[in-house]
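Trainee: Here the protein sequences come in this chain order: A and B. Take any residue in the first sequence, note its place counting from 1, add 25, and you have its number in the numbering used here. Take any residue in the second sequence, note its place counting from 1, add 12, and you have its number in the numbering used here.
Don't read these hints as lab results, they were simulated from the structure. Built from N, CA and C at the ideal position, the CB exists for glycine as well. Take these hints with a grain of salt, some might be off.
Where chain A lies over chain B, by a calculated footprint (3+ residues, C-beta under 8 Å) [as the list claims (entries may be wrong)]:
| no. | segment |
| --- | --- |
| 1 | 29-38 |
| 2 | 77-90 |
In silico BS3-like links for lysine-lysine, alpha-carbon gap of 27 Å or less [unchecked claim]:
| no. | chain 1 | residue 1 | chain 2 | residue 2 |
| --- | --- | --- | --- | --- |
| 3 | A | K96 | B | K19 |
| 4 | A | K128 | A | K83 |
| 5 | A | K128 | B | K19 |
Heads up, incomplete: computed chain B residues facing chain A, CB under 7 Å, no partners named [unchecked claim]:
| no. | residue |
| --- | --- |
| 6 | I24 |
| 7 | L57 |
| 8 | E118 |
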Amino acid sequence: AQSVSQHNHHVILSEAASLELGCNYSYGGTVNLFWYVQYPGQHLQLLLKYFSGDPLVKGIKGFEAEFIKSKFSFNLRKPSVQWSDTAEYFCAVRYFEETSYDKVIFGPGTSLSVIP
Amino acid sequence: SAVISQKPSRDICQRGTSLTIQCQVDSQVTMMFWYRQQPGQSLTLIATANQGSEATYESGFVIDKFPISRPNLTFSTLTVSNLSPEDSSIYLCSVEGPGDRGGGGELFFGEGSRLTVL
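Build the full structure now, drawing on both the sequences and the hints.
Mentor: Spelled out as structure tokens, the structure:
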């Protein structure tokens, strides 16, 4: 079955520290990869996405992610976090099915707390 | 991007009753997705709703408990039937952004409908 895992449930960092959140998926076929963020009390927003091409993708707010196909990974990074980055981060994978539709599966999420 | 409106934004319901959640999109979309986000957890896909056909349910979700309607390309409803406290959750409607199947667009989400069952 398709699944998405995230390495950390909760991460606590001080401002200016570097961030890396791990994401792995189980499927060996064609996938699209996403990172979403959910700030406290707000709805999900897209940080970045990967479809094809350069495996290093850049998103909003200084985030980037690297797709490593051989490792089925799509890790999120930011060189210097800010207090405003405190949020829940979800990795998501679109799996392309043989049937007429495909679906997006979300990882369990990583809660990031940035201490001023 | 797509703008998604959900109603109600929150509700408190009694055990054994049902709640219908409406989802309105500002553009025509082929597929709409319904997710559930239980407290402190990630999003779980309930079903995919295509206009003109029956919804496709994920493992663990059945039509009797979560009937879905999709009368046109901009609207869908999800009903949560025979409510129990375990159904307390945020229910999210989602649509796919522009993009062909080889490079599917990202999902856009509504604000969600927070359901509390007493």
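Trainee: Next pair to validate is K128 (chain A) with K83 (chain A); report whether the Cα-Cα distance is within 27 Å.
Mentor: Given pair K128 (chain A), K83 (chain A) holds - Cα atoms ~23 Å apart, limit 27 Å.
Trainee: Would you mind confirming whether the straight-line C-alpha gap from K128 (chain A) to K19 (chain B) stays at or under 27 Å?
Mentor: Measuring from Cα to Cα gives roughly 24 Å; hence the hint holds.
Trainee: For the segment 77-90 of chain B, do at least 3 residues have a Cβ located nearer than 8 Å to some Cβ of chain A?
Mentor: violated (count 0)
Trainee: Given E118 (chain B) was flagged as interface, is its beta-carbon under 7 Å from a beta-carbon of chain A?
Mentor: holds (5 Å)
Trainee: Tell me whether the statement that chain A covers the segment 29-38 of chain B is true, taking a Cβ distance below 8 Å and needing three residues at minimum.
Mentor: With 0 residues closer than 8 Å to chain A, the segment 29-38 of chain B misses the three-residue bar; violated.
Trainee: So, I24 (chain B) near chain A? Judge it on the closest CB pair being under 7 Å.
Mentor: violated (19 Å)
Trainee: Answer holds if the nearest beta-carbon of chain A is closer than 7 Å to that of L57 (chain B); otherwise answer violated.
Mentor: This interface hint holds because 6 Å falls under the 7 Å limit.
Trainee: For a C-alpha distance cap of 27 Å, please report whether K96 (chain A) and K19 (chain B) respect it.
Mentor: It is violated: about 41 Å lies between the C-alpha atoms, which goes past 27 Å.
Taken one by one, the earlier hints fail for this structure at numbers 1, 2, 3, 6, listed in ascending order.
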